[in-house]
Structure formats: C-alpha cells, structure tokens
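Undergrad: Sequence:
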Amino acid sequence: MELKRLTINNFRNLLQIDFCPTAGGNIFYGNNAQGKTALVEAIYLLGHARSFRPAQLTDLLTVGTSSGKISCELLKSGVCHRLELELNRQGKKPFLDGKSLQGIGQFLGILSPVLFAPEEVALIKGAPAGRRSLLDRAIFQAEPGYLQVARNFARCLLQRNAVIKAGGSSQELAVWTDRFLQAGSIIREKRVHFLDRLRPLLHETYREICGGREEIDIKYPHMEGDQHVRLADELQKTRQREVSLGQTLAGPHRDDPLFYLDGKQLKSFGSQGQQRSCMLAFKTAQVMDLEEQTGESPVLLLDDMTSELDPQRRETFFAFLLGRSGQFFLTTTDPQLCRSFLASDVTEYRVDAGRLET
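In this note's numbering, the protein residues as written are -13 to 344.
Read the hints as simulated data drawn from the structure, not as lab findings.
Every residue gets a Cβ at the ideal spot worked out from N, C-alpha and C, and that includes glycine.
Treat the hints with care, since some could be wrong.
In silico DSS-like links for lysine-lysine, alpha-carbon gap of 30 Å or less [as the list claims (entries may be wrong)]:
id: 1; residue 1: Lys62; residue 2: Lys79
id: 2; residue 1: Lys111; residue 2: Lys250
id: 3; residue 1: Lys253; residue 2: Lys111
id: 4; residue 1: Lys223; residue 2: Lys250
id: 5; residue 1: Lys205; residue 2: Lys223
id: 6; residue 1: Lys62; residue 2: Lys78
id: 7; residue 1: Lys(-10); residue 2: Lys85
id: 8; residue 1: Lys250; residue 2: Lys205
id: 9; residue 1: Lys223; residue 2: Lys111
id: 10; residue 1: Lys55; residue 2: Lys(-10)
id: 11; residue 1: Lys253; residue 2: Lys205
Computed Cβ-Cβ distance ranges for the label pairs, DEER-style [what the hints assert, rightly or not]:
id: 12; residue 1: Ser155; residue 2: Glu201; range: 49 to 55 Å
id: 13; residue 1: Arg36; residue 2: Glu210; range: 29 to 35 Å
id: 14; residue 1: Thr(-7); residue 2: Pro297; range: 34 to 40 Å
id: 15; residue 1: Arg193; residue 2: Ala152; range: 50 to 56 Å
id: 16; residue 1: Gly89; residue 2: Arg193; range: 40 to 46 Å
id: 17; residue 1: Asp4; residue 2: Lys62; range: 17 to 23 Å
id: 18; residue 1: Ser53; residue 2: Ser155; range: 45 to 51 Å
id: 19; residue 1: Arg336; residue 2: Ser257; range: 33 to 39 Å
id: 20; residue 1: Lys205; residue 2: Lys78; range: 35 to 41 Å
id: 21; residue 1: Ser283; residue 2: Asp248; range: 31 to 37 Å
id: 22; residue 1: Ser283; residue 2: Gln322; range: 24 to 30 Å
id: 23; residue 1: Leu308; residue 2: Gly91; range: 31 to 37 Å
id: 24; residue 1: Leu1; residue 2: Gln251; range: 43 to 49 Å
From just these sequences and the hints, can you work out the full model?
TA: Below, the structure written as structure tokens:
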C-alpha cells in the first residue's frame, strides 16, 4: 500500500499542499505549530474519516474558510485509486475514483494507516473506553466487516437501553435482550480472537524492539468459555440494577482490556517509560498482524515519536521501519534525531507556516 500523491486544501493551517511522497520514508520537520501534525492528521482522516485529535469539524477547516478537501492517489494491490474527502461545516463527503459514496462506511478501510502518537500512551492509564476503542480500531483495520458488527451491537444496545428506561413490556425486553446477546457475544469473540492472534507478536516486539525484559500481556476480562452463555449470565445478575438505573450494565461496552507487565497492571504500576514501550510494542505488533492478515504493508504515521524514545529504542525501532517494505510518514522538531539511524533515501520536508519545502 502506497500513497503516490497527497493533496490538501484549507485543512487546519494547510492552505494548499500537493506533493508526491517517496515510497519509503517521509520526514516532516520544523518548529512546533507549523503544520507537521496536520499533515499526518490529513492522511489519518483519509483512512478513518475522523481525526485522532479532539476536534469539532469546524476546527479542521482553515480559519476564514467554509470548506476544505483532502485527497490522495493510492496504490493498493497493484491498482491505483483516488480517495477524496470533502469537508464543510455540515459534514464530510467521501469519494472513491471520482464517484460519490453513499456513506462513510463505504470509505473506511480502503486506506488503513496505523498511527503512532504520544497521545495514545495515555490510553493505557485512561478510561476503559479508550482501550476498547484501541482494540476495535485494530480489529476493523484487519477485518473491515467488523464495522458492521460494531454498528449492529451499538444499535441493539441503544434499543435495549430505551426499553429498560421506558419500562417496556417483558416481551419487548426479551426480543432486544436476545439481539443484544447475539451481537455482544460476537464482539467479545472478535476481541478475544484478535488478542489471541496478537499476543505472540506483542511478546516479540516488546522484547526485540523495545528492549523490555518484563513479560508483557494484554488481558480481556472474558477470555474463556462460551461468550453467549457468559453474557446471558451477566445480564441475569445485573437485571434488578438495570431497572433502577435505566441502562444495560453488562456487555462489551463495559469490558476493560488491561495491559500487564510481569503480572502487574501497567495502568497502576507502570512507569511512563514502560507505558510508552508497551504502546509502541502494541502498535508494532498490530502492523505485523495487518501484514499477515491482509498481505499489504499499511502506511505508518509517526507523530513526534522520536522525542519520546531513548536512543537505544529509537535505533531498534528505526531498524524495524527500514526492515519493512511499507511507506511511513514521521514528524519531528529535530531531524538530527533521525538522520543517524535512517537511510539516505528517506526524503525530508521542512514544514513552515503550513508550507512544504524539500
């Protein structure tokens, strides 16, 4: 998978960008607040139709403008596609090969960039919803059909909550409970299966790329047994509390996947350096899993990662980057941190006030 051309208009402080990235490494360097992260964010939007930074849609548009556009020419499985995402104050409009798509769902998964960003380290210590989202995004990138599974579950949860809150009939609740059980057990099965697949890769990357000596693991609260039976039992136990609180209290939407080092919860006991290494290992393992599952090397987006790594981890991680055949985009305020490790054929771009200079 390779971005052959990237065009950006009226996005953040990027008024007009049009360039052809190299097939390997692309480094965006410059001072803070010049547009480096916005470039990576634009590519991320083309893959996920959402930003990885908290933002309203209007925040994405250049100040004083009412619309913007991001597009790329993408080489995937030997076929060239054109992806476009039009932005305005009312919403986003996706296009594929010049044709308007009916919804964002048809747009997702065509380009599947994997993001490495310091903000994601906070997910390890943050609320469970962030870690659930981390898993779900990774599963979706490997299995695009998972999006429909997740949407079906969200719809069942919404309807079941509405019935509980309204004090609906037992027959109506039984209907939505059955649908919730079916959808919820599939979500749990998908998450458990993904982690079973990822765990050996996670062990490998933490040891070899991060230099960690501890035993790393990520555990899901419902790893064993029949997921449908288990979820039904949980709903039965929380039934009375559901009535009083007016919402579903058990299910995939309440589960909390946790990272561990040597059997201890990283959320509670891990240092900042250990948490950083853990997330780096998770993302690297995800890249390896994607390559195994799809046969494609995903585009990697690395936002200010070099400043977060000590020299040894930086060297081993860059060796991983150069050892794979895929394309990557890296932002940094100090290109010297990269030059001693990266090959000479990596292309550098200076970013200054929203302009790109080679």
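Undergrad: Run every hint past the structure and note whether it holds.
TA: So, going through the hints one by one against the coordinates:
Of the pairs offered as hints, the one joining Lys62 and Lys79 holds, with about 22 Å between alpha carbons and a cut-off of 30 Å not exceeded. Restraint check for Lys111 and Lys250: the C-alpha separation of about 13 Å stays at or below 30 Å, so the hint holds. Distance hint between Lys253 and Lys111 is fulfilled; the C-alpha atoms sit about 4 Å from each other, no more than 30 Å. Of the pairs offered as hints, the one joining Lys223 and Lys250 holds, with about 29 Å between alpha carbons and a cut-off of 30 Å not exceeded.
Among the hinted pairs, Lys205 with Lys223 is consistent with the structure: their alpha-carbon atoms are about 23 Å apart, no more than 30 Å. With a CA separation close to 23 Å, the supplied pair Lys62 and Lys78 stays within the 30 Å bound. Between the alpha carbons of Lys(-10) and Lys85 the distance comes to roughly 19 Å, so the proposed pair stays at or under 30 Å and holds. Straight-line distance between C-alpha atoms of Lys250 and Lys205 comes to about 11 Å, which keeps the hinted pair within the 30 Å bound.
With a C-alpha separation of about 29 Å, the suggested pairing of Lys223 with Lys111 holds against the 30 Å cut-off. The hinted pair formed by Lys55 and Lys(-10) meets the criterion: a straight-line CA distance of about 17 Å does not exceed 30 Å. A threshold of 30 Å between alpha carbons decides the hint, and for Lys253 with Lys205 the separation of about 12 Å falls inside it, so the pair holds. Take Ser155 and Glu201: their Cβ atoms lie about 51 Å apart, and the range 49 to 55 Å holds.
For Arg36 and Glu210, the hinted distance range of 29 to 35 Å is satisfied, since their beta carbons lie about 34 Å from each other. For the pair Thr(-7) and Pro297, the supplied restraint of 34 to 40 Å holds, since their beta-carbon distance comes to about 36 Å. Between Arg193 and Ala152, the C-beta spacing of about 53 Å keeps the proposed range 50 to 56 Å intact. Separation of Gly89 from Arg193 is about 42 Å and conforms to the stated range, judged on CB atoms against 40 to 46 Å.
Distance hint for Asp4 and Lys62: a CB-CB separation of about 21 Å, consistent with the stated range 17 to 23 Å. Between Ser53 and Ser155 the C-beta distance comes to about 48 Å, which sits within the given range of 45 to 51 Å. For the pair Arg336 and Ser257, the supplied restraint of 33 to 39 Å holds, since their beta-carbon distance comes to about 35 Å. Here the CB-CB span from Lys205 to Lys78 is close to 36 Å, well matched to the stated 35 to 41 Å.
Roughly 32 Å separates the CB atoms of Ser283 and Asp248, a value that falls within the hinted 31 to 37 Å. Against the hinted window of 24 to 30 Å, the Cβ-Cβ separation of Ser283 and Gln322 comes to about 27 Å, which satisfies the hint. Distance hint check: the CB atoms of Leu308 and Gly91 are about 35 Å apart, consistent with the given range 31 to 37 Å. Remark: the range hint 43 to 49 Å for Leu1 to Gln251 is upheld by a beta-carbon distance near 46 Å.
When held up to the earlier numbered hints, the structure conflicts with none and fits them all.
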